[in-house]
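Fit chains B and C to the given chain A structure using the hints.
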Amino acid sequence: MASKHRQIFINTTSGTDIFDITREVSREVGESQVVNGAVTLFVSGSTGALTTIEFESGVVKDLKKAIDRMAPEDIYYEHNERWGDGNGYSHVRAAIFGASLHIPIVDGRLTLGTWQQIVLLDFDNRSRKRRIEVQIIE
Amino acid sequence: MASKHRQIFINTTSGTDIFDITREVSREVGESQVVNGAVTLFVSGSTGALTTIEFESGVVKDLKKAIDRMAPEDIYYEHNERWGDGNGYSHVRAAIFGASLHIPIVDGRLTLGTWQQIVLLDFDNRSRKRRIEVQIIE
Amino acid sequence: MASKHRQIFINTTSGTDIFDITREVSREVGESQVVNGAVTLFVSGSTGALTTIEFESGVVKDLKKAIDRMAPEDIYYEHNERWGDGNGYSHVRAAIFGASLHIPIVDGRLTLGTWQQIVLLDFDNRSRKRRIEVQIIE
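Chains as they are written, first to last, in this note's numbering: chain A, 6 to 143; chain B, 6 to 143; chain C, 6 to 143.
Just chain A, same shape as in the assembly:
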């Protein structure tokens, strides 16, 4: 009845990272003992995002190329002029993909497809310790 809050932490690199966090999320859901409900995932920070994908190294590279087309790293970003941290592209990419993901829990399990994994997209240009908020509601 009450929401159950947990957190996942992931250490990232300075490049664009795509991490499979399905195991971590599944473990939190399992430990919550919620049988029927939903989990809200939210990445705190403005240069990260969440989505699902078939986590296969080819697809992961293909997605990175698509991201490069949508918000290239090497074009002019006004943000960089102001802050000088060079991660204007990171912010734009994160805003396109979105920080939240919501997945039903049925019979104690996430309703993911067989080849569907939950991924953290980390777009920042420096390594970080990412925090993913996990809110489990039944």
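No lab work stands behind these hints, which were simulated from the structure alone.
Repeated chains share a single entry, so a pair holds when one copy, or any two copies, can fit it.
Each computed DSBU-like pair below joins lysine-lysine, with the alpha-carbon atoms no more than 30 Å apart:
no.: 1; residue 1: K9; residue 2: K134
no.: 2; residue 1: K134; residue 2: K69
no.: 3; residue 1: K134; residue 2: K66
Using the frame of chain A, we list chains B and C on its own:
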């Protein structure tokens, strides 16, 4: 109080399909008799996605063209090298659009705008029976 | 236990607007007195969307440019042929970004990052009074 779980199944074609599923979702919400809460929709499978749109045939075509620009079907995809199923573009498109959608329920109804419909985006290059998980929480 | 429903209204301009609505959402969450749960935000209407971003004027301009690349205003849209309202690009942009956003509430606060704000993206080509549905679940 308890979450109410339902499923919607949609048969797709081998091309990129955009299906209006508003009626199906509204029916599930109505039958659940939830007056005030929210519905979580989640497409199980890594080549499908969900969003909302004005479901008008012109807009639907316009969206398909935008998808083609973001992740063209006829460029090189590393996924295709490995698996030979030719649907690398499908995976990339699905990851961009996202598998989950969350809509409030107020007075027993979805809070959609007048011209706003819920759509399933099916990007796979073969026909499938798609499963959409519907979790209704009050 | 019961969901708490609220609404936020924002007056938009005829151009593409990006509004920081963090303060409005935080106020609704505070007034709800929910300590542990989640808020579902949903923009009613098919030419608006929601995401999070570092709301800094440089990043906001950078995001607008990325949106222009993904769904330019000045290309051909079939929707415009049929309806003559010239906002085909608005519908496509909204469908790409998505109408819903879900954020956990922990200790009575949204789990946003320090530099992460909630934004309404209004893509319509005429000024509107936008309605954002706020459903708070504990």
